[in-house]
Amino acid sequence: MNAKSSQQRRTFQPWEDADAVPFIEFRNVTKRYGAVTAVDNLSLSIYEREFFALLGPSGCGKTTLMRMLAGFEEVTEGAVYLEGEDLSSTPPYRRPVNMMFQSYALFPHMNVEKNIGFGLKQEGMPAGEIADRVAEMLSLVKMQDFAKRKPDQLSGGQRQRVALARSLAKQPKLLLLDEPLGALDRKLREETQFELVDLQEKLGITFMIVTHDQEEAMTVSDRIAVMQQGKIVQVAPPAQMYEQPANRYVADFLGNINLVAAKVVTSKGGIATLETAHGEELEISCPDPCPAGAQVWMAARPEKMTISLDKPKGGNQLAGTVWDIAYLGDLTIFKVKLDGGEFARVSVLNTSLTDPAAKAITWEDRVWLSVDPASALVLTE
Amino acid sequence: MKAALRSILAKSTIWLPYIWLLIFFLAPFLIVAKLSVSEPAIAQPPYTPTFDFWDGPAGWWRAIGQFSFYNYIFITEDSLYWKSYISSLQIAVISTFLTLLIGYPMAYGMARAPRTWRPMLLMLVILPFWTSFLIRVYAWIGILKKEGLLNQFLLWIGLISEPLTILNTNTAVYIGIVYSYLPFMVLPLYANLERQDFSLLEAAMDLGCTQRQAFWKVTWPLSMPGVIAGCFLVFIPTVGEFVIPSLLGGSETLMIGRTLYDEFFQNRDWPVSSAVAIILLMILIVPIMLFQRSEALARERER
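Top to bottom, those sequences are chains A and B.
Following the numbering used here, the numbering of the first sequence begins with 1 at its first residue and continues without gaps.
Following the numbering used here, the numbering of the second sequence begins with 1001 at its first residue and continues without gaps.
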């Protein structure tokens, strides 16, 4: 990624622009299979050149949503628009949309070259042009040496590349990726995530990825939509999604978070004073209105809390006992049983070879967890 | 000692089937082959020379010296035989094609049916096997004859005014063969189609194919092994089929199975009928071997 494109990327926020025209629009879309509602009155706008991730547990409707764009699922109610045009009457083979399948769905009776050229041949492109485009695609995914191989003679990672090349060969306006890296091992998956990002920037095509892997979604996408039971819970760029989750579901789905139930005592200037069930007092930032007496949750990420053996000065602490310690190399994670009964995780970055602060704390020690008011959040739902 | 015995027993899974083939395939084949180069004789058994184990090698050698290929020459000279071969092959090819035409959509429908239905559909295909083959072919006589069920039905709905002559024609033979051999076509096709990944069709449609194009470009070529297996399973027994042409066919139906039967039981010419059988075997085996060879070569090239 060169400096210029990263600059463009930083300022790429069409969803903040009120005048921007959505590239894809779901308008009040509902999908029912008999009595089961897979997608429930959902509206969503996606912009051109965006790398958009649909994230959620299996069965949340994310795959159904994607398959509606490809044309494999019909919309029960509402409509899907691509560049302002209603897609409902367009069959899959006429949509300017291509999909990379979770199983890759490579044609086993054709070699790599034929697989990639399949869609072009179907379009009626002359053989010479097909050969050129296929060669271009092969070099794009670095598979030039495998043109004559059949899919069953390729490794999982190579098949993934061929599938990607095949779905890009027709130069679609929108590329759908259904769990594209699910079958790869961890190392390869991480590498490929970055390659996908580079590729998307290079080609300028809108990408939509379906995944249940939150790290993958955060690595590749400009914006993430978290789905739950056929509804979108929150749509936001990765950082915002992580730092300002809309509710406990999103907070818990994206990374780890400590949740402590509390009641609002007072609230002033975006800072709420909370009282936990155990009687401890906390001052936490509260962007949403926090009426006094409301039942809320203090939400703090493990890396945003600090742990100490001595009671620190000032407030905003929760006392507890060390329950478990996990040394992960880069991090040490302390699992602390709070006096109120909840468990909290605190992660400490192991910045030096012998970090005395972290090393000193051991099992069953009495510890204090402190949190800065601005580093934690009050969640109302 | 014990180890040796165990190793022999362990290898029995390999040599037992070969012994079976030796006794029940190779030995009869050699007997028929030997008969085909003998000459008919009014004797018991009705051919010469005969081997007597006690003659010793010299006697055997003498018998071998009497072998002649006269029967093969005779078969090529008499048009009855090659006409029977041609007609058998023609009937077998056409009925294999018809079976494929009916069996493929059936197998396709079964493979695409809801998962819970499939065992029942499979059962329905296999069910006719529970009744004797002969009885089922006889039943077709009752359906196809002049005053049979089919004609009565067609007359009743007013589609025809005169009963059709179907029984004792080639049409009846085709109906009988297609009906009897349909399961042999459907089962291998179903096994193949059921295993096919449905997402391949979606991928083809995603890349610009209509449903029909997707079928011809993806499903059909991938189902080739099933098509070939099904066609062999129908074609090979059909070429030598005897019961169906005898019961449903007429005088015009010339099939090698009937010619062979007549030669053997009417003319009591065992050597000629053996030669007819050997040639039939060659007609069937040679193309299959060539086909397998070309398949193996094609696989080899891909590596």
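Quick caveat, the hints were computed from the structure, so don't treat them as lab data.
Incorrect hints may have been included.
Reference excerpt, derived from the structure (chain A facing chain B, CB under 7 Å, subset only) [what the hints assert, rightly or not]: (1) PHE12; (2) TRP15; (3) THR76; (4) PRO92; (5) MET99; (6) SER103; (7) ALA105; (8) GLN122; (9) GLU123; (10) TRP297; (11) PHE343.
Covered by chain A, according to a simulated footprint, are these stretches of chain B (three or more residues, beta-carbon under 8 Å) [to be verified]: (12) 1199-1212; (13) 1218-1224.
Per label pair, the in silico range of CB-to-CB distance [what the hints assert, rightly or not]: (14) LEU1297/B with PRO108/A: 35 to 45 Å; (15) ALA1191/B with GLY156/A: 22 to 32 Å; (16) ARG94/A with ILE1094/B: 35 to 45 Å.
The beta-carbon is built from N, C-alpha and C at its ideal position, and this holds for glycine as well.
CB-CB spacing for PRO108/A and LEU1297/B relative to the 35 to 45 Å hint: Distance hint for LEU1297/B, PRO108/A is violated at roughly 20 Å.
Verdict on chain A covering the segment 1218-1224 of chain B, where coverage means 3 or more residues with a C-beta closer than 8 Å: holds (count 3)
Consistency of beta-carbon spacing, GLY156/A to ALA1191/B, with hint 22 to 32 Å: Taking Cβ atoms as reference, ALA1191/B and GLY156/A lie about 27 Å apart, which means the hint holds.
Hint status (Cβ of PHE12/A to nearest Cβ of chain B, threshold 7 Å): Check failed: Cβ of PHE12/A comes no nearer than 28 Å to chain B, outside 7 Å.
Interface hint compliance - SER103/A to chain B, C-beta minimum distance less than 7 Å: Holds - the Cβ of SER103/A comes within 7 Å of chain B, reaching about 5 Å at its closest.
Within 8 Å of chain A (C-beta), three or more residues of the segment 1199-1212 of chain B: Held - the segment 1199-1212 of chain B has 11 residues with a Cβ nearer than 8 Å to chain A, which meets the minimum of three.
THR76/A as an interface hint toward chain B, with CB separation required under 7 Å: Cβ of THR76/A sits 20 Å from chain B, so the hint is violated.
Interface hint outcome for ALA105/A [beta carbon to chain B under 7 Å]: holds (4 Å)
TRP297/A as chain B interface residue, shortest Cβ-Cβ below 7 Å: Since chain B brings no Cβ nearer than about 42 Å to TRP297/A, farther than 7 Å, the hint is violated.
Hinted contact PHE343/A with chain B - closest CB pair below 7 Å: Violated, about 42 Å.
Interface hint outcome for PRO92/A [beta carbon to chain B under 7 Å]: holds (5 Å)
Range hint 35 to 45 Å (beta carbons of ARG94/A and ILE1094/B) holds or violated: Given about 40 Å between the Cβ atoms, the range holds.
The structure fails hints 1, 2, 3, 10, 11, 14 (numbered hints given earlier, in ascending order).
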